[in-house]
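Student: Listed in order, the protein sequences are those of chains A and B.
For the first sequence, my numbering assigns the number 1 to the initial residue and increments by one for each residue that follows.
For the second sequence, my numbering assigns the number 1 to the initial residue and increments by one for each residue that follows.
FYI, nobody ran anything at the bench for these hints, they're computed from the structure.
We put the beta carbon where it would ideally sit given N, CA and C, even for glycine.
Keep in mind that a hint or two might mislead.
[Said to hold, decoys possible] The list that follows gives simulated cross-link-like pairs (lysine-lysine, DSSO-like), each with its CA atoms no further than 30 Å apart:
# : chain 1 : residue 1 : chain 2 : residue 2
1 : A       : K81       : B       : K222
2 : A       : K78       : B       : K139
3 : B       : K139      : A       : K85
4 : B       : K222      : A       : K85
5 : B       : K185      : B       : K175
6 : A       : K113      : B       : K175
7 : B       : K139      : A       : K121
8 : B       : K222      : A       : K78
[Unchecked claim] Rough simulated footprint, nothing fancy, chain B against chain A, three-plus residues with beta-carbon under 8 Å:
#  : segment
9  : 51-63
10 : 79-90
11 : 106-114
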Amino acid sequence: MTDSTPKIKMTNLHKAFGPKVVLNGLDLEVGVGESVVIIGGSGTGKSVTLKSILGLLHPDSGEIEVDGESVVNINQRKRDKVNRKFGMLFQGGALFDSLPVWENVAFGLLAEKRCTRLEGKKIALQKLAQVGMPPEVGDLSPSELSGGMQKRVGLARAIAGDPEIIFFDEPTTGLDPIMADVINDLIVKCVREVGATALSITHDMASARKIADRIAMLYEGKIIWQGPASEIDNSGNPYVDQFINGHADGPIAMAVRA
Amino acid sequence: MNFLQTIGRTFLKFLATCGRLTIFAAVAVSHCVRPPFYPRIVLRQIIEIGFYSLPVIGLTTLFTGMVLVLQTYTGVSRFSAEGAVANVVVLAITRELAPVLAGLMIAGRVGASMAAEIGTMRVTEQIDALTTLSTNPMKYLVAPRILAGVIVLPPLVLIGDIIGVFGGYLVATYKLDFNPAGYIKSTYDFMQFMDVVSGLAKAAVFGFLITLMGCYHGYNSKGGAQGVGAATTNAVVSASILILCFNYILTELFFAGK
Ligand SMILES: Nc1ncnc2c1ncn2[C@@H]1O[C@H](COP(=O)(O)OP(=O)(O)OP(=O)(O)O)[C@@H](O)[C@H]1O
Ligand SMILES: [Mg+2]
Numbered sequence: 001m002t003d004s005t006p007k008i009k010m011t012n013l014h015k016a017f018g019p020k021v022v023l024n025g026l027d028l029e030v031g032v033g034e035s036v037v038i039i040g041g042s043g044t045g046k047s048v049t050l051k052s053i054l055g056l057l058h059p060d061s062g063e064i065e066v067d068g069e070s071v072v073n074i075n076q077r078k079r080d081k082v083n084r085k086f087g088m089l090f091q092g093g094a095l096f097d098s099l100p101v102w103e104n105v106a107f108g109l110l111a112e113k114r115c116t117r118l119e120g121k122k123i124a125l126q127k128l129a130q131v132g133m134p135p136e137v138g139d140l141s142p143s144e145l146s147g148g149m150q151k152r153v154g155l156a157r158a159i160a161g162d163p164e165i166i167f168f169d170e171p172t173t174g175l176d177p178i179m180a181d182v183i184n185d186l187i188v189k190c191v192r193e194v195g196a197t198a199l200s201i202t203h204d205m206a207s208a209r210k211i212a213d214r215i216a217m218l219y220e221g222k223i224i225w226q227g228p229a230s231e232i233d234n235s236g237n238p239y240v241d242q243f244i245n246g247h248a249d250g251p252i253a254m255a256v257r258a
Numbered sequence: 001m002n003f004l005q006t007i008g009r010t011f012l013k014f015l016a017t018c019g020r021l022t023i024f025a026a027v028a029v030s031h032c033v034r035p036p037f038y039p040r041i042v043l044r045q046i047i048e049i050g051f052y053s054l055p056v057i058g059l060t061t062l063f064t065g066m067v068l069v070l071q072t073y074t075g076v077s078r079f080s081a082e083g084a085v086a087n088v089v090v091l092a093i094t095r096e097l098a099p100v101l102a103g104l105m106i107a108g109r110v111g112a113s114m115a116a117e118i119g120t121m122r123v124t125e126q127i128d129a130l131t132t133l134s135t136n137p138m139k140y141l142v143a144p145r146i147l148a149g150v151i152v153l154p155p156l157v158l159i160g161d162i163i164g165v166f167g168g169y170l171v172a173t174y175k176l177d178f179n180p181a182g183y184i185k186s187t188y189d190f191m192q193f194m195d196v197v198s199g200l201a202k203a204a205v206f207g208f209l210i211t212l213m214g215c216y217h218g219y220n221s222k223g224g225a226q227g228v229g230a231a232t233t234n235a236v237v238s239a240s241i242l243i244l245c246f247n248y249i250l251t252e253l254f255f256a257g258k
């Protein structure tokens, strides 16, 4: 870790829904321009972690800092300002189905009045091209797209405003292997060339190895292991080994009863 | 003991809901008067609520006016006061029937679709996505709808007034052999400015209630398709009951002591 303040710093984060404890003392730092990938089983709270940073969910206790400033319990005005730094790809796409695809992509730019509608459309088509979508798609409605196409439009929307920090919630799920690799390259490009900070969630280990500088594993509400992506195979952590090799047997007992 | 507990719990829950609703309404209204405004969305909603409701309103008030003349005629002819038919009909339509029936019909048509649309946006995380794209969902989704409802209901009800009176005129002249000119003249002579204005004021309040209920239930829906379905039902039922209840309160306010 560098000695400058981390871009995002979460300390001792707790979050429960009723009796169900999801985050139980999570600590994680993401440095400036770093790409961190969170891995972990389904339902372990990865999406909840991202939503807490965005202020969509309120942690029960703990601290979240963005650029050294606390973003827990801040007022609406400050929240709006902080959120301008973020771009988010939602796990389910979350495209606005009342708007055509191009307006989805340009939505943030238009909302912040950073361009006219005409310029917005041009930028949107350019971003769509980056995620491998032809310009005709721009005028379609999101409901006319396949799941993988919606994912890519969501990705285009997340990066359209050139945010400082981008969250990718399962960017490659539902894509064919070739397109998944195109998206991986795109994420790497955003981080390396544009200098954005990325925090991603994935189950796809190939993708994780490619886009991550650092990988962190979430289990039972805590980060149980983190380290450079190159060390993931020699973590010496049985949980991580089980997860990356996808074995049903191991310390992580799945709650299934046959 | 258990019985009392249930009553107490239900009552507390009711108070909590009232509080939440009041806060929601206050926030929504405050967004109606503070920039940025979304005139395009307001316009679209005005067309959606107003224009597309015209057939429903026209048919409802037409048949109501027609049946009203028949029944009133039966009633007043027992006192040989046939001359009062036009008077009673215009009073009943402008003061009560047009605003209340239009309100109920629109609650079914518009309140339901609003709750379904916003509810779907909630469960598919589109509302979360709005927040991450520098857009306040209360301002972008709720305020324009409420504004459109308040603007568009009075003219709709005015049209309903005219069609309702016209329906009465048709039955009176063609079926009951009233003198056409005489019927129109007595309608016009007996009609008071306050009758129409009070009906239009009621309409504006109903427009507020319908859109508020649609937005509130949609905005707070959770749990997938089933949650959206429940939100839709709740929006229609609560809007209808509030319309009837406020109708009485407003009538007291306008005409107390007259
Ligand atoms: N709004 C909510 N209300 C209640 N429970 C919730 C809510 N959001 C998430 N949860 C619960 O929190 C847990 C973690 O959810 P989360 O979406 O973070 O999982 P995840 O790690 O992203 O899983 P996946 O890999 O399947 O996306 C789940 O058990 C879920 O049931
Ligand atoms: Mg998730």
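Student: Work down the list of hints and note, for each, if the structure agrees.
Tutor: Hints and how they fare:
About 28 Å separates the Cα atoms of K81/A and K222/B, which keeps this hinted pair within 30 Å; it holds. Distance restraint check for K78/A and K139/B: the Cα-Cα separation of roughly 17 Å lies within the 30 Å cut-off, and the hinted pair is therefore satisfied. Straight-line distance between C-alpha atoms of K139/B and K85/A comes to about 21 Å, which keeps the hinted pair within the 30 Å bound. For the given pair, K222/B sits about 28 Å from K85/A by alpha-carbon distance, which is consistent with the 30 Å threshold.
Restraint check for K185/B and K175/B: satisfied, since their Cα atoms lie roughly 18 Å apart, inside the 30 Å limit. At roughly 62 Å between alpha-carbon atoms, K113/A and K175/B are farther apart than 30 Å, so this suggested pair is violated. Using a Cα cut-off of 30 Å, the hinted pair K139/B and K121/A holds, with the two alpha carbons roughly 24 Å apart. Restraint check for K222/B and K78/A: the C-alpha separation of about 27 Å stays at or below 30 Å, so the hint holds.
Requiring three or more residues with a Cβ within less than 8 Å of a Cβ of chain B, the coverage given for the segment 51-63 of chain A holds, as 4 such residues are present. Under the rule that three or more residues need a Cβ within less than 8 Å of chain B, the assignment of the segment 79-90 of chain A holds, with 7 such residues. Taking a C-beta to C-beta cut-off of 8 Å, the segment 106-114 of chain A contributes 4 residues in contact with chain B, enough for the three needed, and the coverage statement holds.
Hint compliance for this structure: hint 6 is the single one not met.
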